[in-house]
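Protein chains: 2
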Amino acid sequence: MTQWKQVQHLEIKFLEQVDHFYDDNFPMEIRQFLADWIENQDWDAASNSESMATVLFHNLLSQLEEQCSQEKMFLQRHNLKRIKQQIEVKYRANPLHMAGVISNCLREERRIIATSSMLEQGPLETSMQN
Amino acid sequence: MTQWKQVQHLEIKFLEQVDHFYDDNFPMEIRQFLADWIENQDWDAASNSESMATVLFHNLLSQLEEQCSQEKMFLQRHNLKRIKQQIEVKYRANPLHMAGVISNCLREERRIIATSSMLEQGPLETSMQN
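Chains A and B supply the protein sequences, listed in that same order.
Quick note: the first sequence uses my numbering, first residue 453, plus one each step.
Quick note: the second sequence uses my numbering, first residue 453, plus one each step.
Please keep in mind that the hints were generated in silico from the structure rather than gathered at the bench.
In this text the structure is predicted, and so the values were computed from the model without any measurement.
Accuracy of the hints is not assured; some may be wrong.
Since the list can't tell identical chains apart, any single copy or any two copies may satisfy a pair.
[Unchecked claim] DMTMM-like mimics (lysine to aspartate or glutamate), calculated; alpha carbons at most 20 Å apart, straight line: (1) K542 - D475; (2) K542 - D476; (3) K533 - E468; (4) K465 - E518; (5) K542 - E502; (6) K533 - E463; (7) K533 - E481; (8) K457 - E502; (9) K524 - D471; (10) K533 - D476; (11) K465 - E517; (12) K524 - E463; (13) K533 - E502; (14) K524 - E468; (15) K457 - E517.
The whole structure should be built from the sequences, with the hints applied where relevant.
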């Protein structure tokens, strides 16, 4: 299961934490529509390498463009188009910042998934010890 | 057919015109998710009446709250929640402005639908005259 699928299976109290770190810096549409692609790039490394971050910035824009051209729903297409323009303006002079933002979001997701799974397993382990 | 359904049946060149007047002042999510409700209110009158605009502002927030609580998709719920907060902050001191924005958008939609339908009917009428 992709990390993003795991996120969407979280309980509401954990989902509310995820809500907080998705805003105009990293719109949730990008996370949702490009979930697999996002998870297959090394954002940690890119947040420390200008050239790698620049390549990922341009690849992200291409992915958004492609997604937008395939999208049938008017509202989603409208959102993807606006998001592509916003991301282009926001990060073209600083793709390292974009890589850092995405790297942080993915790390935060992993932390929340781990906390949730620890809380789920907790009572089970305790009952097994009894 | 609701006006919003008619909009979504427009050709791409007209849809691109519609794209331009939906932004953070009147996010397209509101137009899409509350389409019927939006079309059943008198925004023209509200844009000239502080008390009517205030009632519609609060009703819009309640409608968004309800839509958000019913929404199953995480991304849509996230968007609706953010939009409700943005609209609340943006227009609470000036609901007349909100009514004016919505009234303008609906009027622009009608203008675009009329232009599209005139262009569609044009060649037919010409051919009937021959």
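**Prompt:** For the identical chains here, do K524 and E468 meet the 20 Å Cα criterion within one copy, between copies, both, or neither?
**Reply:** between (29 Å within a copy, 14 Å between copies)
**Prompt:** Quick one: K533 to E468, C-alpha cut-off 20 Å, is that within a copy, between copies, both, or neither?
**Reply:** Answer is between: at 11 Å across copies they meet the 20 Å cutoff, but 26 Å inside does not.
**Message:** Reference check for the pair K533 and E463, CA-CA at most 20 Å: within, between, both, or neither?
**Reply:** This pair counts as between: shortest inter-copy Cα distance 17 Å, intra-copy 31 Å.
**Message:** At most 20 Å between CA atoms: does that hold for K524 and D471 within a copy, between copies, both, or neither?
**Reply:** Result: close only across copies, 15 Å inter versus 26 Å intra.
**Request:** Tell me, please, which holds for K533 and E481 at an alpha-carbon limit of 20 Å: within, between, both or neither?
**Result:** This pair counts as both: shortest intra-copy Cα distance 11 Å, inter-copy 14 Å.
**Request:** Pop the pair K465 and E517 into one bin, within, between, both or neither, using alpha-carbon distances up to 20 Å.
**Result:** between (34 Å within a copy, 18 Å between copies)
**Request:** Classify it for me, K524 with E463: is the Cα-Cα distance of at most 20 Å met within a copy, between copies, both or neither?
**Result:** between (30 Å within a copy, 13 Å between copies)
**Request:** At 20 Å max between alpha carbons, let me know whether K457 reaches E502 within a copy, between copies, both or neither.
**Result:** Neither: 30 Å inside a copy, 46 Å across copies.
**Message:** If the cut is 20 Å between Cα atoms, do K465 and E518 qualify within a copy, between copies, both or neither?
**Reply:** This pair counts as between: shortest inter-copy Cα distance 19 Å, intra-copy 34 Å.
**Item:** 20 Å Cα threshold - placement of D476 relative to K542
**Value:** both (9 Å within a copy, 17 Å between copies)
**Asked** 20 Å Cα cut-off: does K533 pair with D476 within a copy, between copies, both or neither?
**Response** Close inside one copy (14 Å) and across copies (14 Å); limit 20 Å.
**Request:** Could you figure out if K533 and E502 sit no more than 20 Å apart (CA to CA) within one copy, between two copies, both or neither?
**Result:** neither (26 Å within a copy, 35 Å between copies)
Violation of the numbered hints given earlier is confined to hints 8, 13, 15; the remaining hints are satisfied by the structure.
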